[in-house]
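First to last, the protein sequences are chains R and E.
Numbers in our numbering are just positions in the first sequence, counted from 1, shifted up by 150.
Numbers in our numbering are just positions in the second sequence, counted from 1, shifted up by 150.
Warning: the hint list may mix true and false statements.
The list makes no distinction among identical chains, and a pair is therefore deemed to hold if it is satisfied within one copy or across any two copies.
[As the list claims (entries may be wrong)] Simulated pairs of lysine-lysine, DSS-like, Cα-Cα distance not exceeding 25 angstroms:
#1 K237 x K211
#2 K297 x K356
#3 K274 x K157
#4 K277 x K176
#5 K211 x K436
Derived from the structure by calculation, the hints contain no laboratory data.
Note that the coordinates shown come from a computational prediction; the quantities given were computed from them, not determined experimentally.
2 protein chains.
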Amino acid sequence: MEERTLKEITPPSVDFSQWYLDVVLKAELADYGPVKGCMVIRPYGYAIWENLQAETDRRIKALGHKNAYFPLLIPKSFLQKEADHVKGFAPECAWVTIGGGEELEEPLAIRPTSEAMICSMYAKWVKSWRDLPVLLNQWCNVLRWEKVTRPFLRTTEFLWQEGHTLHATADEAQKETLSILDMYREVAEDVLAMPVHFGPKSESEKFAGASMTYAIEALMGDGKALQAGTSHNLGQHFAKAYGIEYVDQNQQLVMPWSTSWGVSTRLIGGMIMTHGDDRGLVIPPKVAPYQVVIVPIPPRKGDWNEAVLPKARALMAELTAAGIRVHLDDRDNHQMGFKYADWEMRGVPLRMELGPKDIEKDSCVLVRRDTREKEFVPLAGLADSVKARLDAIQKNLLEKARKFREENTSEPANYDAFKEVMATKRGFLLAGMCPSADCEAKIKEETKATVRCFPLLRDEARPCIRCGSAGKLAYFAQAY
Amino acid sequence: MEERTLKEITPPSVDFSQWYLDVVLKAELADYGPVKGCMVIRPYGYAIWENLQAETDRRIKALGHKNAYFPLLIPKSFLQKEADHVKGFAPECAWVTIGGGEELEEPLAIRPTSEAMICSMYAKWVKSWRDLPVLLNQWCNVLRWEKVTRPFLRTTEFLWQEGHTLHATADEAQKETLSILDMYREVAEDVLAMPVHFGPKSESEKFAGASMTYAIEALMGDGKALQAGTSHNLGQHFAKAYGIEYVDQNQQLVMPWSTSWGVSTRLIGGMIMTHGDDRGLVIPPKVAPYQVVIVPIPPRKGDWNEAVLPKARALMAELTAAGIRVHLDDRDNHQMGFKYADWEMRGVPLRMELGPKDIEKDSCVLVRRDTREKEFVPLAGLADSVKARLDAIQKNLLEKARKFREENTSEPANYDAFKEVMATKRGFLLAGMCPSADCEAKIKEETKATVRCFPLLRDEARPCIRCGSAGKLAYFAQAY
Chain R
151 MEERTLKEIT PPSVDFSQWY LDVVLKAELA DYGPVKGCMV IRPYGYAIWE NLQAETDRRI
211 KALGHKNAYF PLLIPKSFLQ KEADHVKGFA PECAWVTIGG GEELEEPLAI RPTSEAMICS
271 MYAKWVKSWR DLPVLLNQWC NVLRWEKVTR PFLRTTEFLW QEGHTLHATA DEAQKETLSI
331 LDMYREVAED VLAMPVHFGP KSESEKFAGA SMTYAIEALM GDGKALQAGT SHNLGQHFAK
391 AYGIEYVDQN QQLVMPWSTS WGVSTRLIGG MIMTHGDDRG LVIPPKVAPY QVVIVPIPPR
451 KGDWNEAVLP KARALMAELT AAGIRVHLDD RDNHQMGFKY ADWEMRGVPL RMELGPKDIE
511 KDSCVLVRRD TREKEFVPLA GLADSVKARL DAIQKNLLEK ARKFREENTS EPANYDAFKE
571 VMATKRGFLL AGMCPSADCE AKIKEETKAT VRCFPLLRDE ARPCIRCGSA GKLAYFAQAY
Chain E
151 MEERTLKEIT PPSVDFSQWY LDVVLKAELA DYGPVKGCMV IRPYGYAIWE NLQAETDRRI
211 KALGHKNAYF PLLIPKSFLQ KEADHVKGFA PECAWVTIGG GEELEEPLAI RPTSEAMICS
271 MYAKWVKSWR DLPVLLNQWC NVLRWEKVTR PFLRTTEFLW QEGHTLHATA DEAQKETLSI
331 LDMYREVAED VLAMPVHFGP KSESEKFAGA SMTYAIEALM GDGKALQAGT SHNLGQHFAK
391 AYGIEYVDQN QQLVMPWSTS WGVSTRLIGG MIMTHGDDRG LVIPPKVAPY QVVIVPIPPR
451 KGDWNEAVLP KARALMAELT AAGIRVHLDD RDNHQMGFKY ADWEMRGVPL RMELGPKDIE
511 KDSCVLVRRD TREKEFVPLA GLADSVKARL DAIQKNLLEK ARKFREENTS EPANYDAFKE
571 VMATKRGFLL AGMCPSADCE AKIKEETKAT VRCFPLLRDE ARPCIRCGSA GKLAYFAQAY
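Chain R extracted, bound-state conformation (with noise of 0.2 angstroms):
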């Protein structure tokens, strides 16, 4: 039954594009929908957003913001006032021309992202110093037409979370792109146990209208990054544009800054390519819809319900009121084999079997999901030997990725080396990029690699790895 299992996904080694639709797919954390590139998300797939969105949007109010919800249509004229955003997100829009049975008047586009309507609600509501900050958030849908896309890591639509804020200084505005910036790496790490560097994204990657763009990026069981969330400073860019002005503390009529943010279900196919295995999915107990499964063992002889499920459901009670998020597997139509190798593929942290002769011993069989070691553990106590073995599950998993990161990354000595890297195992390379975009054009054109962020930490100059002029050390990977 392991071995139906284990035949049902494709291993990452041979084809890491395919495993991962594999997992996708038999995990059912999602499916195609009718609509290209418009995906289902699944149950099981959904509760991982959930607790992932619990565990951002505390993090999000705990900063002082408040979430609101804005419309889903702008019209093409509210795009059209920032010159450089609707050259960005134009082309990728989705245009409502027929409502109520009649051509509209004005096309309106689906949101591809909010900065357009929310900055123009802020025109109106921004009047004097003491409005600001502004500091809001919203969870929402939004679509962008792609053309190649893949279930979480590139769908038309997707659900994400967008800030948007307003204050009295260029200085305030960083200090929010940077603070969120760092509550992003929080999240990425702490609960998705997947680490990522970050910092300010080249000219050319930037957000269409922004004066800077920071990311978090991470690294990918393939040797690809993810960038995983952004963090925009937008200068005085949207407030000219659409029109923002407060009466300052002197009576004089100015603009704010703002920025604005976001990560989306994208976090979940990085959680999938940093943790995933030959097995299926791994995921994190922070986010995991169940942390533990319990697979009752029937007795030999006898009845199930008799020998084994009472004493399960007892167990099952007693964790969950400890809030630990607990399944009971009491299919009667499937082997212990097959339901071992089922939840190992749904990457449940941690399993545990109980058959009668545990029971006898008032004891029971764990088995970690991320190093498949398996331990008999006293039933008394049970709820805080669990959560032991969660908490060094999340604290293992994050720990194996940074191990990853480490050998997957290099510091070329020359372009050449650079280039040898890009076409074998890939990972991260540090190296000096020039401010030309040209010459960054020229380093996708020939290694498929792109600067993925100049290390915030890291701010050093450093000569062009392809041209030899001055540069800045940045990180680069071929990215998804």
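Got chain R; can you put chain E on it based on the hints?
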């Protein structure tokens, strides 16, 4: 200051409809967006939604349902599969005709509801009796092109949850339909303190494609009813239309029975019109963004930063730690009178006044929004005192609303009496209704009243109030 705030709100007795809009806008629950009928839900309104959503989501999950997410865009051909359904919803659809810069081969509807999308996925997923029941729910935005809109009550885009279930038998589907109806009744009454009548709708008011629609119906302050939630037994109509079939325990290919049900941001409109008064909003404690507002009273001489604010902050921390949602109004540009009126208008259940003299006496003043009763309360054990009062307010709001409803419910002796009530004070009328859709339409034409529901717990024969032929007892009202 109090008078100024009062002046800004039209008294409900003068113009209920204008009072409603004044309250929604002044209390900053919502604002008009740039697209007609699409409102912006501002942070204060959205916080009510978050609380209501948490209470509802918890109950949906306790009944065994899981959350998922299905795509926003539905191909035209999918919507057309159920004949009644498309007839009901197609005229209200917004159509995407252009995506990624190109005309689409098939127009895509923005979901007005998701039966078409979800049933087509169910057709793919459900194969065996072991896959049943399917109990899914989603929280999302939907769009229905409306001619006349009003914030929360009827908007082109709104937020809601929609449950979609599949069952092996007609009986199970009916049980689900009624169990959800009862859950909605509980949310309305126990969370929003909004008493509801509940039962089946008449043929002419049922959901497009349903076998039977059940609703909860509340009475608003102006004597009009509001349909506050619906639960539909869809029979096998959608299973048939979307080709959902499975192999049952006897190896036969059979069709399941389905239900769907939803409540939306409309509930917030119902809450406003159930409890609000001359002074503005009255928010039930269970959904109030702030359950308590602390208004510090400055000393006659000296600095309130020394005399009052430290104690106010300590008390806020104490109440927050006890799980109470608290706001401290430390604005220094407004007088107390303004603040009192401002928070009354915003419907905060409990106001705490705290001045230097109160602090000396280790006490504070608590003022209830619902009764405006003022009490001196010792600071020792403050969290318990506050909780007891919040419970009392929640209870009183429900009782008050029940009393109002009873005073505005009667059984007219004949059709003339019926017409008289509907032309004057309105409210609910209990009267007989025959099965003729024509007679029902005439009653609407002559009195503006419709059958809101047939009382589920009082299934009685009663001659039709208009034509005298055999009928059933029904609740009539004019409705939003």
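Here's how the hints hold up against the structure:
{"no.": "1", "hint": "K237 x K211", "verdict": "neither (32 angstroms within a copy, 44 angstroms between copies)"}
{"no.": "2", "hint": "K297 x K356", "verdict": "within (20 angstroms within a copy, 41 angstroms between copies)"}
{"no.": "3", "hint": "K274 x K157", "verdict": "between (59 angstroms within a copy, 23 angstroms between copies)"}
{"no.": "4", "hint": "K277 x K176", "verdict": "between (53 angstroms within a copy, 16 angstroms between copies)"}
{"no.": "5", "hint": "K211 x K436", "verdict": "both (19 angstroms within a copy, 20 angstroms between copies)"}
In this structure, only the earlier hint numbered 1 is contradicted, and the remaining ones agree with it.
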